[in-house]
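*Asks:* These are the residues of each chain, in order.
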Amino acid sequence: MTTPEPHAGNVWPIWEVFVRSSRGLSHVHAGSLHAPDAAMALRNARDLYTRRNEGVSIWVVPADAIASSDPDAKGAFFESPQGKDYRHATYYTKSEGVKHL
Amino acid sequence: MSTPETTTDTAAPAEEAAGHGDLTVGVQGASGTGEATASATRITPGNALRPEDIALAVSRGTAKPSEDAAELALRLGDDALILAQRLGHWISRAPELEEDIALGNIALDQLGHARSFLSYAGGLDGRSEDDLAYFRREHEFRSVSLFEQPNGDFAVTIARQFVVSYYQFELYRRLADSTDATLAGIAAKAVKEVDYHRDHSAQWVLRLAHGTDESRARMIHGFQVIWPYVEELFRDDELTGRLSAAGVAVQPSSLRADFDRLTGEVLAEAELEVPQVQPAPGGGRRGLHSEHLGYVLAEMQVLAREFPGASW
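Quick note, the sequences are listed as chains A and S, same order. Using the working numbering, the letters of the first sequence map in sequence onto residues 1 to 101. Using the working numbering, the letters of the second sequence map in sequence onto residues 1001 to 1312.
Source of the hints: derived by calculation from the structure; they are not laboratory data. Do not rely on the hints blindly, as some may be mistaken.
Covered by chain A, according to a simulated footprint, are these stretches of chain S (three or more residues, beta-carbon under 8 Å) [unchecked claim]:
| # | segment |
| --- | --- |
| 1 | 1044-1055 |
| 2 | 1101-1114 |
| 3 | 1198-1212 |
Note that the Cβ used here is the ideal one computed from N, Cα and C, for glycine as well.
Make the full structure from the sequences, and use the hints.
*Replies:* Shown next, in the form of structure tokens:
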């Protein structure tokens, strides 16, 4: 039995997988996979990313539905907060007499 | 015997420790296995009945099958073992990497069920799961014909898996209420896994049937090839009669109505007909097998027989 050569119209789209572990944490990106549709993407995610008891909830998102920041845009996009230590709680000294802070 | 120490002290006499061979100490260690003590982020294998637990109970004498229960465990264990071997052949050969892993997972689920059933069956005469899997001859296997059928193309494998998982689901669902506590425990764990196998194969039946002309033709062909072996799954015999009377397991024929109804719903949604075919003669429960089983066994057993006691 011969298998047809895969071509452009025969390749399953890519999905990004997010898994939430069992203790009320947020969904975390686990990886990506191929699937023909959302229902199968969820099942493939279950088989690929929860086979060691990693999670109780899965999200799958079509990879092309994700907008991402430009990996080259470091300066303007990500370096502005640097040096602004007043945005961190550790910048401030604790007022006298305040408990449980 | 005193309670085994959970903290190892170098000063403690060796005989007080749990010992290297203690199977109760699983991958999680002896303590902290409960939900209440679980870490928020550490991933654990979780708590479930493992084949090792069955083997331990058998070796301690806390689980001992009756002669009939052991024969049933042998039948169901052989079904699962042969199917696991068949499905394992798909690894690295499935149409997509994701499906490769899905079939591998199902194979491993089946292998787990086989190990539990065979460990229990061996409790009758002291044979281990490996003795039963690797050192029995073809006529000593009790699996029915369906499980040894060749993989064929992907659609044949899906057709076989669809029939198997709907059958096993109805079987294990009832076996979970068995008067034999060990069989009930194995079935209660297995039924959850088989439930997923049902979903997996039904999804593929629908997609292949509603896919292209070629995928639909292959799905129809797959069911034509597999359906002759359906009837044998539901045959009663003297053993199942005795087990049924004892409340250990229901008669296979009593599973048929639910199997027909539930598979019929999926086939109707897929716009496929139930194939009208003559049943194959079968005979696996009596050790009569099709020409395929010998080759499956040869591949499965060769290493253990060429190098007895090999480990890796």
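*Asks:* Would you say the segment 1044-1055 of chain S counts as covered by chain A, given the rule of at least 3 residues with C-beta under 8 Å?
*Replies:* holds (count 3)
*Asks:* Please count how many residues of the segment 1101-1114 of chain S have a CB within 8 Å of a CB from chain A and say whether that reaches 3.
*Replies:* Held - the segment 1101-1114 of chain S has 3 residues with a Cβ nearer than 8 Å to chain A, which meets the minimum of three.
*Asks:* State whether the coverage of the segment 1198-1212 of chain S by chain A holds or is violated, taking the criterion as 3 or more residues with Cβ-Cβ distances under 8 Å.
*Replies:* That given contact holds, which follows from 4 residues of the segment 1198-1212 of chain S lying within Cβ reach (below 8 Å) of chain A.
In this structure, none of the earlier numbered hints is contradicted; all agree with it.
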